[in-house]
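**Q** Protein chains in written order, with the numbering used here: chain A, 271 to 823; chain B, 22 to 356.
FYI, nobody ran anything at the bench for these hints, they're computed from the structure.
Every clue listed holds true.
20 Å max Cα-Cα, derived SDA-like pairs, lysine to any residue:
1. K614(A) with S72(B)
2. K314(B) with A509(A)
3. K614(A) with L84(B)
4. K80(B) with Y803(A)
5. K128(B) with Y424(A)
6. K80(B) with Y613(A)
7. K155(B) with G581(A)
8. K614(A) with Y63(B)
9. K155(B) with Q582(A)
10. K107(B) with Y585(A)
11. K107(B) with L596(A)
12. K195(B) with E731(A)
13. K614(A) with E81(B)
14. K225(B) with P149(B)
15. K343(B) with R265(B)
16. K614(A) with A58(B)
17. K80(B) with A802(A)
18. K107(B) with Q582(A)
19. K614(A) with G78(B)
20. K80(B) with S91(B)
21. K614(A) with R67(B)
22. K128(B) with T426(A)
23. K288(B) with D274(B)
24. K282(A) with I786(A)
25. K696(A) with A58(B)
26. K107(B) with G581(A)
27. K347(B) with G286(B)
28. K128(B) with D513(A)
29. K128(B) with A509(A)
30. K290(B) with E306(B)
31. K346(B) with Q255(B)
32. K314(B) with P508(A)
33. K128(B) with P508(A)
34. K780(A) with Y803(A)
35. K614(A) with F64(B)
36. K614(A) with S75(B)
37. K80(B) with R466(A)
38. K614(A) with G59(B)
Just so you know, these numbers come straight off a predicted model, no measurement behind them.
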Amino acid sequence: MSVAVAKPGEVKHNYLNAGDTVRSWLLTTDHKRIAVLYLVSVTLFFAVGGLLALLIRLELLTPQGDLMTSETYNRVFTMHGVVMIFLFLIPAIPAVLGNFLVPLMIGARDLAFPRLNLASWYVYMAGGLIATWAMVNGGVDTGWTFYPPYSSSYSTSQVTLTIVGAFLVGFSSIFTGINFIVTIHKMRAPGLTWFRLPLFIWAHYATSVIIVLGTPVVAITLLLVAVERVFRLGIFDPALGGDPILFQHLFWFYSHPAVYIMILPAMGVISEVIACFSRKRVFGYHFVAFSSVAIAVVGFLVWGHHMFTTGQSVYAGMVFSLLSFLVAVPSAVKVFNWTATMYKGTIEFRAPMLYVMGFLGLFVIGGLTGLFLASLATDIHLQDTYFVVAHFHYIMVGGTIFGYLAGLHFWWPKMTGRMYPEGIAKLAALIIFAGFNLTFFPQFVLGYLGMPRRYHWYPEEWQMLHVMSSAGAALLGIGYILPIFYLLWSLRNGAIAGPNPWGATGLEWKTDSPPITHNFEETPIVTEEPYAYENHHQHEEVASGTGASTAEA
Amino acid sequence: MKGVALLPDTASTFAQQVDLLFWFLTAVTVFFTLLIAGLVLYFAYRYRRGSPASRAGAKETDLRLEIGWSLIPLTVGLIVFVWATKLYADAYGPPPDNALEIFVIGKQWMWHLQHPNGIRENNELHIPAGRPVKLTLISQDVIHSFFVPAFRIKRDVLPGRYNTVWFTPTRPGKYHLFCAEYCGTQHSRMIGWVYVMEPAEYEKWLASGGEARPGAIASGAGTMAGVSTASLVQAGEQLYKQLRCNACHGATDGQRGPTHYGLFGKKVKLRDGTVVVADEAYIRESILRPLAKVVDGYEPIMPSYEGLLNEERTLQLVAYIKSLKKPVQTAEVKP
Chain A
271 MSVAVAKPGE
281 VKHNYLNAGD
291 TVRSWLLTTD
301 HKRIAVLYLV
311 SVTLFFAVGG
321 LLALLIRLEL
331 LTPQGDLMTS
341 ETYNRVFTMH
351 GVVMIFLFLI
361 PAIPAVLGNF
371 LVPLMIGARD
381 LAFPRLNLAS
391 WYVYMAGGLI
401 ATWAMVNGGV
411 DTGWTFYPPY
421 SSSYSTSQVT
431 LTIVGAFLVG
441 FSSIFTGINF
451 IVTIHKMRAP
461 GLTWFRLPLF
471 IWAHYATSVI
481 IVLGTPVVAI
491 TLLLVAVERV
501 FRLGIFDPAL
511 GGDPILFQHL
521 FWFYSHPAVY
531 IMILPAMGVI
541 SEVIACFSRK
551 RVFGYHFVAF
561 SSVAIAVVGF
571 LVWGHHMFTT
581 GQSVYAGMVF
591 SLLSFLVAVP
601 SAVKVFNWTA
611 TMYKGTIEFR
621 APMLYVMGFL
631 GLFVIGGLTG
641 LFLASLATDI
651 HLQDTYFVVA
661 HFHYIMVGGT
671 IFGYLAGLHF
681 WWPKMTGRMY
691 PEGIAKLAAL
701 IIFAGFNLTF
711 FPQFVLGYLG
721 MPRRYHWYPE
731 EWQMLHVMSS
741 AGAALLGIGY
751 ILPIFYLLWS
761 LRNGAIAGPN
771 PWGATGLEWK
781 TDSPPITHNF
791 EETPIVTEEP
801 YAYENHHQHE
811 EVASGTGAST
821 AEA
Chain B
22 MKGVALLPDT
32 ASTFAQQVDL
42 LFWFLTAVTV
52 FFTLLIAGLV
62 LYFAYRYRRG
72 SPASRAGAKE
82 TDLRLEIGWS
92 LIPLTVGLIV
102 FVWATKLYAD
112 AYGPPPDNAL
122 EIFVIGKQWM
132 WHLQHPNGIR
142 ENNELHIPAG
152 RPVKLTLISQ
162 DVIHSFFVPA
172 FRIKRDVLPG
182 RYNTVWFTPT
192 RPGKYHLFCA
202 EYCGTQHSRM
212 IGWVYVMEPA
222 EYEKWLASGG
232 EARPGAIASG
242 AGTMAGVSTA
252 SLVQAGEQLY
262 KQLRCNACHG
272 ATDGQRGPTH
282 YGLFGKKVKL
292 RDGTVVVADE
302 AYIRESILRP
312 LAKVVDGYEP
322 IMPSYEGLLN
332 EERTLQLVAY
342 IKSLKKPVQT
352 AEVKP
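For reference, chain A alone in the conformation it holds in the complex (with noise of 0.2 Å):
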């Protein structure tokens, strides 16, 4: 190790150290300050999506409806959706794990654009407090999918509010993927060629292209939404002369491939932590990386699965059916190559590592469910169903989360210099994950029965299934209640980690733990492929040196 592991009682000097004041916080232009920001932001707004996600589960343990009115109940589950997609699961992991570790993976000193990259957060904030204000001001109903001529013609709610801060965060993740292309393609350290860069580089990559390419589509098509409604043009409303269904071309032209802005860069994070865990190179890095970018092509073709029902022509239906099986190869390849990985590792089953398993077994579910709806014949059955909720709750927000938790635990010691208590982070670990299971599994089960999403009501036969969603959700809320409190109790009382507890490679782990403000002494030179952990052994005595001993006692 190249950098002097900081004594007791000795503080050095790092990024969050570098000013404690208000303003040195909101005007700072480090990355890794930009990523505390939006760590803290994230977690607020997911905060607001879980309760309300609660909410939703505590009205549905009875049919009846009775906790709630319907139209309440309606502006509960599309406030969920649209705080849950647009501020939390979208800019999870690129915003605080990619803002704090892309220019440090690279070995550069910030992102290129590091103003540009503050003003992605005031952005954010501004969209997210403008729809957490549409909500408090009476709350929009029109799910977060926004389908006119309702959201267009027929709602009373907030929808142009809402719209505008969907609108706006939008520009703040195009802003966040420019600057991502840009800083890779140019700022790379001395050495670091492409097909030396980490996974997670990869990953961020694929999705900063998705990002640039789609977002400004769903922008224009919830602006025009807005315009519709505000000075009743017809676009999409056919009483005005417009056509509904070029809404919904638009919309899932952005919105199928932001699955995999929300999953790729969770992908990422699960390549990096099952090397490091395995002790081995990730099996196949070339296939793994290409693959990343051949979903985010892909990706781009499937929109009109979300569209069987519609009517739109058979010949359409065939298209993207057969593309949309296509895309599930590269996902495929992705779980095997991450499964390989492990075959001959030294395996420590470490809090991250946790989530990695947890995450292929989510994937691997919510991407075979996921046959079911690409293929026409059973699509028109389970369209619009709970099927399809549970599908997309198990690859979009359980991929989604346990790659976040699986990243956040695994860089926390680096962000932070602590180590969180691995105990407890394990047990949060098992809780999420059975919680998880027991919250969406049932609703497979409902989806085929024919229970249609967005329903307040429900036929008394389906009550069983629902109440053991219900406490699934109630489990699922302790298990994410858990890291809050331990991972603020370990930013004081967590063992020092040093600057490479887990004994990884990557040049992150090259700096101090807190990294400096400017992330290296000098500039470092890289002389080998990723993941180099052939000599795994050697590593772990160098990390029981650094840190990790520590952790455990």
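Assemble the complex: chain A is given as a structure, and chain B must be docked to it using the hints.
**A** Then chain B, alone, in the frame of chain A:
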């Protein structure tokens, strides 16, 4: 808590076929989930840190393996794709000629159904077992979706556009009818029942004008008793005269407008040279937005009936115009 359902009713010819595919996909899912979970857990145990298992000879990549495990999901995917698409194309192609035609109008928040003989129902649909049923669907306001889980069918109900779907119910019984596309406040109450009846029982029901019903919904939204039970075509004919459509559209071409006799299903040449088939959608559009597709040889002079006719009325007109057959040549006389 009343009962626990784990399997849906299966009450159409399509449903049995979909279920077969569904269970095949379930088998695939269970197999691969257990395979991956098994491997992950086995590797995690066998190669745990400190275990004596040999790590010698671990590869970093293997082209044959990569190709192999790309081809497996591709093959499974293609098999399912072909199976599902063929099933879909067979089942969702044009309906058989003897199909019972029923019109469905969705509106916030009620299903309004019209039988060809004039019987109207709200949130209830009575149909005979064993005979194909063709639905023509349209919405009066926002997007709805007509969903009968027991039949495994679902079709979006769009404003401004006729969608169709057909199925053959197999088993008499009472089945859920849902709106599957979120449509506003009372979306989850826009539900009803489909009654599949023995053919004889259905005939009785028809004869009684829809009164001999096994049971109406407690909400009171039953058949619109008292409203004209004239057949769709008769109601359309009345309306046709009332609106004086025949003032311009005579028994033959060459009047101010083209004739409607023998129009349905015919290819029509437009002023811009394109050719369209005169289906329900074309007739509807020509009533509401006559200037959109003007027939070759005619002036664009017809007034629009948009806003004057609701979807129900429009449907009646369309049904009447559909019913007008080309007059026999010899019977042609000067008016």
